[in-house]
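Since the structure of chain B is provided, determine the placement of chains H and A on it from the hints.
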Amino acid sequence: MGLTAEARRQRWDVDLTATGPGTPGGTFLRQFWHAIGRGEDLPAGRAVPIRIMGEDYTLYRGMSGKAQIMAYRCPHRGAQLHLGGVEDDELRCVYHGWKYNCTGQCVETPAEEPGFEKKVKVPVFPTEEAFGLIYGYFGDGQPPAFPPYPESRGEGDVEAWPVEHVPCNYLQSFENSMDEVHVAFTHQPGGSHAALARDLPIITAEETDWGMLRFGTRSDGTVRHTLHYAPNIVRVIVPPLAGMDGIGGWPEITFHFTPVDDENHLWVISAKVLVNGDEAERYRQKRAEFYERRAAAPSVRSVVDEIWAGRLAYADIRHPELAIVQDIAVQAGQGKIANRKTEHLGRSDRGITLWRRILARELRLIAEGRQPKKWQRPSADVIPVIGANISRTVGAA
Amino acid sequence: MGLTAEARRQRWDVDLTATGPGTPGGTFLRQFWHAIGRGEDLPAGRAVPIRIMGEDYTLYRGMSGKAQIMAYRCPHRGAQLHLGGVEDDELRCVYHGWKYNCTGQCVETPAEEPGFEKKVKVPVFPTEEAFGLIYGYFGDGQPPAFPPYPESRGEGDVEAWPVEHVPCNYLQSFENSMDEVHVAFTHQPGGSHAALARDLPIITAEETDWGMLRFGTRSDGTVRHTLHYAPNIVRVIVPPLAGMDGIGGWPEITFHFTPVDDENHLWVISAKVLVNGDEAERYRQKRAEFYERRAAAPSVRSVVDEIWAGRLAYADIRHPELAIVQDIAVQAGQGKIANRKTEHLGRSDRGITLWRRILARELRLIAEGRQPKKWQRPSADVIPVIGANISRTVGAA
Amino acid sequence: MGLTAEARRQRWDVDLTATGPGTPGGTFLRQFWHAIGRGEDLPAGRAVPIRIMGEDYTLYRGMSGKAQIMAYRCPHRGAQLHLGGVEDDELRCVYHGWKYNCTGQCVETPAEEPGFEKKVKVPVFPTEEAFGLIYGYFGDGQPPAFPPYPESRGEGDVEAWPVEHVPCNYLQSFENSMDEVHVAFTHQPGGSHAALARDLPIITAEETDWGMLRFGTRSDGTVRHTLHYAPNIVRVIVPPLAGMDGIGGWPEITFHFTPVDDENHLWVISAKVLVNGDEAERYRQKRAEFYERRAAAPSVRSVVDEIWAGRLAYADIRHPELAIVQDIAVQAGQGKIANRKTEHLGRSDRGITLWRRILARELRLIAEGRQPKKWQRPSADVIPVIGANISRTVGAA
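Protein chains in written order, with the numbering used here: chain B, 1 to 397; chain H, 1 to 397; chain A, 1 to 397.
It is possible that some hints are incorrect.
One copy or two, it doesn't matter: identical chains are merged, so the pair holds either way.
[To be verified] Derived lysine to aspartate or glutamate pairs resembling EDC-like cross-links, with alpha carbons at most 20 Å apart:
#1 LYS119 - GLU343
#2 LYS336 - GLU55
#3 LYS118 - GLU343
#4 LYS99 - ASP199
#5 LYS66 - GLU279
#6 LYS99 - GLU343
#7 LYS341 - ASP56
For the record, the hints were derived by calculation from the structure and aren't laboratory data.
So that you can see chain B by itself, here it is in the shape it has in the complex (with noise of 0.2 Å):
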C-alpha cells in the first residue's frame, strides 16, 4: 500500500472520524454542502430539529415553499424555535412571541419596548433543495457552487428515499461505499460464497480535483466507475432494486453521509431511474407497493437491534429494506466509532486506504494551519458507468 511505517504512524495522528466544530476533521467537513433531509419531509409551515456535525439547528419551511436553517434556540431565553409557529417565511417563537425573518433579523418582541427587536438576530445558514433533497452549509464564508455536484443526464425519474439514521461515525458507511467486494458477502448470506468469490473485482482508485474515482475491475474486463464526492457522497450504478422486476434497469444512486454527530450519521439518498411513459408508470406503481411493505414493517433499527443482540440471526432477516438493514448491521456492528488502528488491510481495500490518505493529508494541513486542497465541483464528463473497456489506465492506489 506504500505507506512507510512513519506515514502510517502520522496518519493516526490526526482523528479522521471528527465532525464537531473546531476539530480539523470539523473544519475538513464544514468546506460542503450537506445533504440534512428530503424536501418532501418538509411540508410549506413545519419546523423541525436537526443536529448536524455535532450541532443543533432549527429548520422550517416557509408558507412560500423556502426552507431556511436557523438557530436552534432562541437568544431570548432559550426556547427551541422548532416549537415555533411559521408565518410567511418567518418563525415566531412559542415561548415570548419574538419573530425571525430568513436572514435571522428579529422583527417582533411583542412584551419589550418598541425597538428592542433590532438590537436581536439569530444565525441562519445557507439552504438549497435539489435531486428530491435539502442541503445546507455550516462552514465560514460563501458556500461552494450549488447543487454540489452535477445532476445525471438523461430522462427519467428522481427518487428521494426516506432517510435512514444509523448509528455509528460517518467515515464507516463512507468507506464501505468504497468496498465493492462487501456486496458478495454482506448481501448474499446463505447464497453460495464459493460462486461469488470467483469472480470478485480488483479495487484499484484515484485521487481527484473533485473526490475520488474507483474502479472494481472483473475478471470479464467489466469495469465500474465509482465517483466518491469529497467529503462523504457516493455516486454508483446498482443492480435493479429488490421487488423490481427490473423495470428501470440498473438505476444511478447518490448517497450522502451525513454526520449528525461523531457516532451517528444520517444515509440520505437520491435516485435515478431512467423510465419514461408507461414503463415510467409501472416503476412508480412498483415503488408505491414497496413503500406500503415498506410502512408495514418493523423500523430497520429495531431488526438491527435484534441482530446485535444475537436474538435473530443475520441469515434470517426478513424485511423489505434488506440491504438496508445489512448494511447498518454491519457497518455500526464495527462500533460507534470503528478501531482502525487493528485492521489488516489488504488488497481489496485499496480505495479506503487512499481516502484515508487523503482525509489525513487534508486533516493534517487543517490542523498545522496551513491551505488544504482547493476542491472543485465534480465536472459533469465524469459519470459512473459500468460497462468493458471503459477503463483509463488507472493507477494502482
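Chains H and A only, in chain B's frame:
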C-alpha cells in the same frame, strides 16, 4: 435592569441551579418544607422510593395513616427499604426482617443476638400533610412552621392534582411562573398572536419577607398579584380550567417545583375552587370526566418526546393536559439546565431578574458562611388577586 | 467476627467486585471455568455475541455440534463475527467472507492474494459443555479440569434453566447465596414473620481447598450443608419448586453467577431432580406447564423495574418465577455495585464475612504479584445435604 457588569458577573459566581447536599443551592433549598407528592397516591401500608434534591429516601404510610420519610437503604446490607413491608406504623426490611419505627429506631433484627437491634438506627425526616399533599423537611435542625403557607380562605374544594415529572432543573419552571407573558404564546398556539400582543401585561415585582410579590398590570388597569414563596412555590389565580365550562370560576392554584435532582423536578399542584352545594357537585362531576379522558390519553412525557423529536408539531398537540404538555415541552426544552449566560432579557423578565438577584445573594451568603436571610412564614393577608385598582405603588424590579 | 480495625481496612484496599481484564478481581476470576449459557439455546449453525467479565466474544456452534468461543471481531475491518455464517465447524465473516476454523486460523480471504489468509488468526477460548450448560475458560495457559465440579450422584433429570440477566455485580448474588436467613423474609412477603423468625438458622462456614463449605443449623439440630465453589458457584439443596406439588422432592441446584461486566451478571442454573419412570414423566409434564406460564408472563426485568419505581408493591408480585424476581429485585436493588463500606454485619452474615476475607486475601496476593492459592477440583465426596446429626464440628467463621 439596574445591574452593573460587575454585579452581573457576580451573579454567576454561584450556581443558581444546584440542589444537591452541600452545595449553596442545596443548602438554601433545605431551609424549607418541600411538597413531595400527593396524599391520595400513598395508601396506608404502602412504601415507595422518592428522590429529592439528589438524594434517595423511602416514603411510607403506616397503618394509622401516618406518612413518614425514612432513609433509602437498610443499614444492614443496603437493601432498599421501600421493598419492605409496613407493620402497624413500622417498616420491616424485606431482606432480613430488620424492623424500624417512625423515629428510625431499629426494633427487631430476627437472626441476630437479642439486643443487637438497639445499636441500629436509620435517619428519618419530618413529614407532614396539608392541602392534599405530603411535605418533607430535609434540612438540619427544626423545620419551619407547618404548613409552609396559609390556607386559602373561603369555602370550597381543595384538590391535589396528579404529580408531573418534569425533566429539567426546577428553577426553569419556577422562573416560568414569574413570566406572565408566556401565557399568550405558549398556551395559545395557532391563536392570533397579533391580538394577544395588544394587551400583554407589564411585569413588576418586589421582594418580601416570605419571597417575591409580583404584579402583572394590563392596559385597562387590571393588576394580577402573584405570590412566589421562597424557594420554589407559586400561588396564583388562573382562568377557569379547560373543559370546565367556567364552573368554579377562577381557581387559586399553588404550584410546587420540587427538585428530584439538578436535572429533574416534580410539579406538585394543589388547587382551591370556591364551589359549594350543587355547583360543587357539578364541578366534581366535570373533574371526574376530565380524569377519565386523562387516563385514556398518552402520557404527558410521550407527547413531549414526540414534539422534541420534531415528529409532532406544537400546534397539533391534542391532550387533556394541554397546558401542562406545553409548559413541559417549552421549559424542559430549554435544556436539562438552561444556559442562562446567553440570554437576552427584557422588561418582561423583571420577575425572573429580581428572583435571580435574591437567589444569588442568598447563595453567596451561604457559600461565604454568612447568615442568610431569615425567611418568614407568609402572612395570610397577602393573597393572589386579580382586579382593577388593587395595585400598590410598585417598585420596578 | 475476629477482624481488627486494621484487617478491616485492608479488606477494602482491593476492589472485591472488579471483573475486568488486568484487575486483581478479573485475574482471580479468570483462573476458573465460567458457565456462559445453556446448551439448548445454541442450535448447530448459530453464532451469538456474549460479553463475559467486561469483554466481548463470539460463541457459535458448528454443524458437528461443537460449541466454540472466538474473538468478537474479525481482524480485517472489525465486523462482528456473530453476524457471520457457520460452514461445517468454521465461521465465515459476513463482511468480506474471511473464514476461521475452531483453532482461530483463517482459512479463506476470498478477495485477497492467495496465501494472505495464512497470516491471519483470531483468538479462540476453551469451550466445553456439561450439566446442560456451556462453559468457557478465559484465562492464561491451560484451563483447570473439566467439568469444574463433580456431577451429582443418583439417577434423575438434569435440567438447565433459562438464563437470567441480573443488573448488578456478580458478588451480590454470590454473597446472597451464602445468606440463608434471607429466605424467610425475601421469599415470604406477606407471610408471618414472627413465625419465621422463630427458627432461623445459625450460620457457620469454613474454607476448603475448592471454596467454602457453609452450614445452616436449625434449633432442632437439622443442618444444611451448602457448597460455595470458587469463584462464583453455589451448589445447594432447595425445597420443591413452586407449583410442582412436591414431585421430585428437594432438588439439588447449582447456581453460577457469571460476570457480564462489573455491573451485570448472568444467573446460570442447572438442577438435578431425582426422579425416574412415571414420576419423571409427571415431573416433565409439570415443568412443561410451568414453562408455558413463564412464556406468557411479563419479563422478570419488567416486573423488577416496576418494583424499583415504586409502582408495584413487593407483596403484590405475581409471577411464575416469583423467587427469581424477588432475588433480583432485592440484590440488584442494593445498587449496581453495593456499597459495602456502610454495612452493619451480624452473626447471620458469617458466610459472607468469611468469603470476603478469602477473596480479599487472594486479590491482594494477585495484586502483589505473589502466588495465590492453588484451588482444587471439588471432591465428589462433599455434596450438599440437609439432615440431622450430619454436622461436623464447624469452626465459626
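Hints, one by one, checked against the model:
Proximity of LYS119 to GLU343 under the C-alpha cut-off of 20 Å is restricted to the inter-copy arrangement: shortest distance 13 Å between copies versus 54 Å within a copy. Taking CA atoms no more than 20 Å apart as the test, LYS336 paired with GLU55 passes in both settings, with 18 Å inside one copy and 16 Å between copies. For the identical chains of this complex, LYS118 and GLU343 are inter-copy neighbours only, at 16 Å across copies versus 56 Å inside a copy, given an alpha-carbon limit of 20 Å. In this assembly of identical chains, the alpha carbons of LYS99 and ASP199 lie at most 20 Å apart only when taken from different copies (18 Å versus 61 Å within one copy).
With identical chains, the CA atoms of LYS66 and GLU279 are never at most 20 Å apart, being 33 Å at best within one copy and 53 Å at best between copies. For the homomeric pair LYS99 and GLU343, the shortest alpha-carbon distance between copies (16 Å) is at most 20 Å, but the shortest distance inside one copy (52 Å) is not. In this assembly of identical chains, LYS341 and ASP56 lie within 20 Å of each other by CA distance solely across copies; the values are 18 Å between and 31 Å within a copy.
In summary, the one numbered hint that this structure violates is 5.
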